[in-house]
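Participant: Each chain is listed here by its residues.
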Amino acid sequence: MKRVFGVVALAAAVFVAQGASAQTLKQVKDRGVLNCGANGQLAGFGLPDAQGNWAGLDVDVCRAVAAAVLGDAKKVKFVPLTAKDRFTALQSGDVDLLARNTTWTESRDTTLGLNFTGVNYYDGQGFMVRKSLKVNSALELNGASVCVQQGTTTELNLADYFRANKMQLKSVTFADADQTVKAYDAGRCDAFTTDASGLYSERLRLAKPDDHIVLPEIISKEPLGPSVRHGDDQWFDVVKWVGFAMVDAEDLGVDSKNVDEMMKSTNPEIRRLLGVEGNFGEQLGLTKDTFYKVIKQVGNYGESFERNVGSGSPLKIDRGLNKLWTKGGIMYAPPIH
Amino acid sequence: MAIESVGAQQPARVAFYNNPKFRSVAYQVVLCALVVLAIYAAVSNALDNLQRAHVASGLGFWNQAAGFDISQTLIEYSASVSTYGTAFWVGLLNTLLVGALGIVLATILGFTIGISRLSKNWLLSKVATTYVETIRNIPLLLQLLFWYNAVLKALPDIRDSHKFMGSYLNNRGLFVPEPLRDPGLGWVEAAFAIGIVASLGFYYWARKRQMETGQQAPVALVSLVLVIGLPLVIFFVLGMPLHFDAPQLGRFNLTGGLALQPEFVALLLGLSVYTAAFIAEVVRAGIRAVSHGQTEAAYSLGLRSGPTLRLIIVPQAMRVIVPPLTSQYLNLIKNSSLAVAVGYPDLVQVFTGTVLNQTGQAVEVVAITMLVYLFISLVTSLLMNIYNSRVKLVER
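From first to last, the protein sequence lines stand for chains A and B. Mapping the first sequence onto my numbering, position 8 (from 1) lands on 8, and the numbers just tick up by one. Mapping the second sequence onto my numbering, position 250 (from 1) lands on 250, and the numbers just tick up by one.
Keep in mind the hints are simulated off the structure, nothing from the lab. What you are looking at is a predicted structure, and each value in this text was computed from that prediction instead of being measured. Some hints could be false.
[Claimed, not checked] Subject to a maximum C-alpha distance of 30 angstroms in a straight line, what follows is the list of computed DSS-like cross-link-like pairs (lysine-lysine): (1) K182(A) - K334(B); (2) K182(A) - K163(B); (3) K170(A) - K163(B).
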């Protein structure tokens, strides 16, 4: 009988084991590597190159957090996720952080149990069509077939937009971004819709990119940002402030090239950012020079933007809304104080 | 007797926990308790974790507005007013549609190939062998992608559609005129029903007569006349009470008519062709299981090879065929969830795809989907078991 009780106790112990714990920061430090949910198929945001090196605006978020927490931007394990599977992967603890061009919405923030740490790209949904259709506006798309990726806000906005404008819609949905683009390229759909940044990126993959145009309408607000699980405030703060620090660094003119000189700066804001004065990194449960490591290894927000999606990349996307607030955009970060 | 008497002499010496009866009951009680405890622990642990992660739980989402569009719907569905619950039914019906049609097609194709493989015609049997060996050795997912991309790539753009008799064929699918009822069509349908009943009656009469007198009646011909001819005559007498809604080419798409989408066609073809290869082998095994003596006996009675196959071999082969055939049907239904790969809106694509993603309630959604597949499979099994009990060897 003793043995039976032993089995009961063992079974109970197995099942009572905790799920997603609230100690993400400690877990990441103990593990020595950050598990980061990324796209894997979207140039400019998250895509491994031929050598398997990941690059992109969202990838830089992961690298910056790794630099801050582990001191090395390379200590990241990227987990490629589809739009459909990304939230489950975060909820279940498979990844510590989701940086996969994800739109911040109310329901995702609440019922999905996510916390968005900020916005790293202000985007909006657009349409791409063949030039030969001679369509000049999204409002002319009545009755058109539209290819869209499943499990995205774009899928919902698409239905909303056609309904609001009393147009007939024939949507064709795919779970996989590649399959969606392929079907559009094969002529299965008249139009392809996704975030405008994605349209420019996907156009490069079409058989004849020049045969397609992006329509001028932006039909939705798509603030893209990284997210973490609900219920772990410390980890939430870490990811949030790493993002803010990159924007603040650009604001203060600190970049990866001049960061060592800037250590000698007399500007108190720069001194606080780089940990020369105060203990702001330590308040997050990290080291004093946390943000110095981030900027040294990954760069400021502007550098990351230009390198991945801006003028230094094949995408050549205009910074637009993503310019700093001082330069006509809306990219703004609270001060490190 | 000896053992009984020994047991009867010393009943008091066995402790109660060594009593085999007590032990067997006790073990089962303990096992049940363990299973219940495990399920309880798993469920409460999941709920606890979900709550800690602030993920919504429960089935409250069922009546919330869905807000997304579905490309193929058998029931009324619109993104604006329909709920996640309706989306579930749309997905389920699409799954059942492709499953049911797939089973019919795979059965016809499978039986044909299986019998061909046993044919004395060298070419026919080699073609069937090649089919089976090729198709069943390539993963189904690849075949689906092949069919989908082959269908898409081979067909012309919508503006260069193949046109025939008011129908259009292009890379958006097959669009055919939709038959619409006019008053009077009810009479034709009634005639069709009468034809079926009458031909069934004729069949039973003819069989009885053959049993009694040995005379055969032309059952097939008479049935054909009754089932097809009678309604046709009524149809023309009433002045063809049917009109067609032909598809019209608009600026982007064809509107009106009935549409067969390439996603559906690719999935249906892929599933049928793949499963048919396995069914062919099942059929071949079944026929091979019937002793050759049966064929020889039939021939010596003067039956030709057609009736021999139909009346002697197949009925006996069926009882070997049906059980593995059931597994193939179940495989086909379960494999239809690969629809995700080609964008066909089946239950998995719609419900565990978009609905799961939007509500974030993975546990509930996945549990419901698993229960639904379990239910469909069990019903299929049940029907096949009923059929099996009819064809199996009746032992006296």
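Participant: Enumerate the violated hints, using their earlier numbering and listing them in ascending order.
Facilitator: none
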